[in-house]
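S.K.: Each chain, letter by letter, is given below.
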Amino acid sequence: MSASSNMNWDRRNVLRAAMGLAAAGGLAACGGNTGRSGGGSGDALVQYFHAYGEAGVEQAVKRYAKAYKDANVATQWITGNNYEQKLFAALLTKNAPDVFEFHPQIQLIKSGQVADLTDIIEPVKDDFNQADIKSHTVDGKIYGVRMIDDPQFLFYRPSLFKKAGVEVPTTLDELIEAADKLTTSKVKGIFLGNDLTSVQNPLIWSAGADTLTADNKPAFNTDAVAEGLKQLRGLFTSGNLLLDAPADSWDPSAFIQGLTAIQWCGMWAMPAMQKALGDDIGIFPFPKIGSAGKQSVYNGGWSMFVNAKGKNVEAAKEYVKWLWIDQKKYQEDFATSYGFHIPPRTSLAESATKLKSGLPAEGVKLFNEFGHFDNIGWTQAMIAAFNDVMANAVRKDGDPKAQLAACEKKVNAELKKLFG
Amino acid sequence: MSTTTTRGVAQPAPAKVSKPRPRRGLRASSTFNFWLFTGPFLIGLVIFVFVPIGWSIWLSFFEARFTVTPSEFVGFENYRQVLTDEDFLNSLVTFTVFAAFIVPATWAMSLGLALLVNRLRFMRAFFRSVFFLPTAVSYVAAALIWKMSIFNGVRFGLANTVIGWFGIDNVAWLANPDPPWYWLVIVTVRLWLQSGFYMILFLAALQNIPRELYEAASLDGAKPGWQTFRHITLPQLRATSTAVILLLLVAAYQAFDEFFNLLGKATWGQPPLVELYKMALGENQNYGAGSAGAVVLTVLICLVTLLQGKIMGFGRGEENK
Numbered sequence: 001m002s003a004s005s006n007m008n009w010d011r012r013n014v015l016r017a018a019m020g021l022a023a024a025g026g027l028a029a030c031g032g033n034t035g036r037s038g039g040g041s042g043d044a045l046v047q048y049f050h051a052y053g054e055a056g057v058e059q060a061v062k063r064y065a066k067a068y069k070d071a072n073v074a075t076q077w078i079t080g081n082n083y084e085q086k087l088f089a090a091l092l093t094k095n096a097p098d099v100f101e102f103h104p105q106i107q108l109i110k111s112g113q114v115a116d117l118t119d120i121i122e123p124v125k126d127d128f129n130q131a132d133i134k135s136h137t138v139d140g141k142i143y144g145v146r147m148i149d150d151p152q153f154l155f156y157r158p159s160l161f162k163k164a165g166v167e168v169p170t171t172l173d174e175l176i177e178a179a180d181k182l183t184t185s186k187v188k189g190i191f192l193g194n195d196l197t198s199v200q201n202p203l204i205w206s207a208g209a210d211t212l213t214a215d216n217k218p219a220f221n222t223d224a225v226a227e228g229l230k231q232l233r234g235l236f237t238s239g240n241l242l243l244d245a246p247a248d249s250w251d252p253s254a255f256i257q258g259l260t261a262i263q264w265c266g267m268w269a270m271p272a273m274q275k276a277l278g279d280d281i282g283i284f285p286f287p288k289i290g291s292a293g294k295q296s297v298y299n300g301g302w303s304m305f306v307n308a309k310g311k312n313v314e315a316a317k318e319y320v321k322w323l324w325i326d327q328k329k330y331q332e333d334f335a336t337s338y339g340f341h342i343p344p345r346t347s348l349a350e351s352a353t354k355l356k357s358g359l360p361a362e363g364v365k366l367f368n369e370f371g372h373f374d375n376i377g378w379t380q381a382m383i384a385a386f387n388d389v390m391a392n393a394v395r396k397d398g399d400p401k402a403q404l405a406a407c408e409k410k411v412n413a414e415l416k417k418l419f420g
Numbered sequence: 001m002s003t004t005t006t007r008g009v010a011q012p013a014p015a016k017v018s019k020p021r022p023r024r025g026l027r028a029s030s031t032f033n034f035w036l037f038t039g040p041f042l043i044g045l046v047i048f049v050f051v052p053i054g055w056s057i058w059l060s061f062f063e064a065r066f067t068v069t070p071s072e073f074v075g076f077e078n079y080r081q082v083l084t085d086e087d088f089l090n091s092l093v094t095f096t097v098f099a100a101f102i103v104p105a106t107w108a109m110s111l112g113l114a115l116l117v118n119r120l121r122f123m124r125a126f127f128r129s130v131f132f133l134p135t136a137v138s139y140v141a142a143a144l145i146w147k148m149s150i151f152n153g154v155r156f157g158l159a160n161t162v163i164g165w166f167g168i169d170n171v172a173w174l175a176n177p178d179p180p181w182y183w184l185v186i187v188t189v190r191l192w193l194q195s196g197f198y199m200i201l202f203l204a205a206l207q208n209i210p211r212e213l214y215e216a217a218s219l220d221g222a223k224p225g226w227q228t229f230r231h232i233t234l235p236q237l238r239a240t241s242t243a244v245i246l247l248l249l250v251a252a253y254q255a256f257d258e259f260f261n262l263l264g265k266a267t268w269g270q271p272p273l274v275e276l277y278k279m280a281l282g283e284n285q286n287y288g289a290g291s292a293g294a295v296v297l298t299v300l301i302c303l304v305t306l307l308q309g310k311i312m313g314f315g316r317g318e319e320n321k
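Order-wise, the sequence lines are chains V and W.
First residue of the first sequence? That's 1 in the UniProt record's numbering, and the numbers climb one at a time after it.
First residue of the second sequence? That's 1 in the UniProt record's numbering, and the numbers climb one at a time after it.
Simulated from the structure, these hints should not be mistaken for lab results.
Among the clues, some could well be false.
[Claimed, not checked] Straight-line Cα separation of at most 25 Å, DMTMM-like style, residue types lysine to aspartate or glutamate; simulated pairs:
id, chain 1, residue 1, chain 2, residue 2
1, V, Lys356, V, Asp388
2, V, Lys230, W, Glu86
3, W, Lys265, V, Asp279
4, V, Lys409, V, Asp397
[Claimed, not checked] Non-contacting residues of chain W with respect to chain V, defined by C-beta distances greater than 12 Å in every case (computed):
id, residue
5, Leu116
6, Val185
7, Ser241
Quick caveat, the model's predicted, so the values are computed rather than measured.
Glycine is no exception: its CB is placed at the ideal position from the N, C-alpha and C atoms.
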């Protein structure tokens with residue numbers, strides 16, 4: 001039967017089959033798993049989240065999405081350490097998320113990738129941390145809703161400090177000296193992350209400089225920042241810095257496992273640290289550098305944005321409004337039930353009982369006293385340029401002034417493209 | 001007369017009619033089978049290779065930041081930017097260093113393994129499988145195992161535990177470019193991953209060498225071991241060696257996963273593909289410059305491959321050797 005059928009194939013049949021295959025291939029390509037669970041009627045949304053390390057966050061995000069009745073919201077939980085790259089690439093495609101979390105960055109606005117959310121935030125604007133509002137505002141329009149604020153500082157073990165006779169450092173010199181005294185054959189003095197990029201902004205702020213000026217000019221190329229880089233290079237080569245740890249600084253493992261006496265980390269890790277070490281935990285800001293410097297705390301965090309080029313912009317805005325503006329119980333749950341974060345809503349931050357005492361309360365205090373927020377003009381490309389400074393001036397023996405000058409050149413080129 | 005008779009006998013009408021039908025059917029069947037098996041791949045090739053290459057070339061002449069459908073034509077500006085970019089030029093140096101390490105090392109190791117396995121009289125299939133198995137492991141998974149378990153910088157990392165037995169302090173294998181221990185990590189992970197595959201190629205080639213050659217050499221007084229290997233085995237493996245070196249070189253150019261996962265935000269040890277990824281798909285999202293870099297790299301790979309083929313005689317017929 002099949003042999004006989006094959007014998008009847010002619011060029012026309014072959015052509016038809018080829019076209020059929022092409023059509024099937026095209027349909028198969030269209031029918032890939034986009035993560036969308038509904039049809040194209042405007043009631044199906046996709047949201048992107050980076051993978052949080054704390055247990056239960058993914059389930060919580062999916063639970064909130066399921067509770068929303070006006071649209072079918074699918075969650076893409078993006079694992080790996082290159083969320084930014086995956087997000088940026090996805091935003092150029094038809095399968096781009098309708099809603100995504102990220103940090104406020106002006107190039108997203110300049111390239112028309114994020115929608116103006118002023119109308120949904122305006123009525124509750126005064127209840128938000130005003131620094132967060134400022135960091136999401138361009139030309140009077142607000143482009144994202146802050147979900148959580150994440151202060152980051154240096155965690156230390158008071159018992160190890162006492163044993164080594166070390167006081168809490170307030171200057172970078174003192175921190176380097178403390179790391180030396182705390183280092184033993186089993187425990188390194190300090191862990192600042194495997195590539196040291198986590199502390200690059202605190203280094204700038206603690207030296208009394210800034211990433212950009214108020215009118216978007218480079219403000220990081222100063223003698224004090226160069227001096228800070230030089231001091232960090234000394235720490236890097238001293239043998240007192242923990243390097244190549246299995247988990248990076250955002251994860252409290254190195255601190256909990258006793259590999260280091262001091263670790264740069266965020267407030268989100270407090271519950272895990274307290275569970276492992278009890279009360280033997282203290283925190284202090286990144287110490288000051290030079291006479292004009294001041295201790296600093298990096299107020300990181302995540303914000304929710306709406307894809308302006310998506311098919312369901314209005315539905316996506318409604319969802320963002322529902323979850324991150326109306327649903328206070330979910331916002332508090334997200335901020336305090338899995339790791340500790342500070343809710344950006346003032347009313348929530350004041351009422352969150354878990355942040356009112358002990359170590360979390362100390363974290364909130366440092367956040368208020370020494371905090372520096374995201375600068376919307378400091379883009380991912382500029383961050384990458386300063387990553388190179390940390391790599392070349394601290395991990396490699398490059399001249400700090402030359403590296404800062406090279407970075408300034410790249411940042412200026414970026415600013416020129418953004419602002420002309 | 002005889003001609004007429006022969007013609008009449010030799011060309012009976014019914015036989016003449018019946019023969020071409022199956023031949024036509026066979027041809028149709030072959031054509032159909034050809035398209036059936038190659039068609040989907042051809043379509044895939046066009047959609048996923050030729051269209052992107054064409055699009056990339058087009059993009060390389062445009063200002064294409066945060067977009068793949070740009071409108072601002074910039075001529076050769078992206079090429080100028082890429083060819084004066086210190087990081088991109090350094091990545092070519094990195095590739096050269098990497099290729100200089102990995103190509104001869106993998107060639108020697110896979111040939112060595114093949115020679116050992118070929119000599120085995122028992123459990124040959126077992127060892128062949130054991131050495132081939134790493135080929136099935138993903139580069140990302142292997143790189144993470146190397147980074148987090150074997151070559152991490154803490155006291156319980158495997159490598160640090162071993163050197164600790166000899167009283168040597170912990171080494172930061174990947175964080176510190178001086179001394180450049182990261183090359184040890186990168187080269188060993190790739191050696192482990194790909195030696196098994198090339199071992200199979202050499203094994204097949206070894207088994208194709210006629211026994212008579214060794215017998216003849218023996219009769220002529222050749223000593224077994226190095227002398228036989230040098231004068232019989234190695235020349236007989238010339239074609240396979242050439243192909244292996246070519247494949248290794250192309251694979252070295254394509255190196256990405258282990259560098260990306262092992263070195264992260266380092267500025268050293270970045271091969272061209274990682275640089276292009278950072279340029280186009282990373283924080284910069286500059287598809288124009290990234291595409292220009294990809295075109296430059298493609299041209300470079302083609303030139304090196306052609307040059308290597310020319311030097312090593314790849315594809316040269318037996319009669320020309």
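S.K.: Hint by hint, say whether it matches the structure.
M.R.: Right, here's what the structure says about each hint:
Between Lys356/V and Asp388/V, the direct Cα distance comes to roughly 39 Å. Violation of the 25 Å bound is thereby established for this hinted pair. Distance hint between Lys230/V and Glu86/W is fulfilled; the C-alpha atoms sit about 23 Å from each other, no more than 25 Å. Restraint check for Lys265/W and Asp279/V: the C-alpha separation of about 35 Å exceeds 25 Å, so the hint is violated. With a C-alpha separation of about 20 Å, the suggested pairing of Lys409/V with Asp397/V holds against the 25 Å cut-off.
With a least CB separation of 34 Å from chain V, Leu116/W remains clear of the 12 Å interface cut-off, as annotated. The beta carbon of Val185/W sits about 10 Å from the closest Cβ of chain V, which is not more than 12 Å, so the claim that it is off the interface is violated. Every CB of chain V lies more than 12 Å from the CB of Ser241/W, the least distance being 37 Å, so the non-interface label holds.
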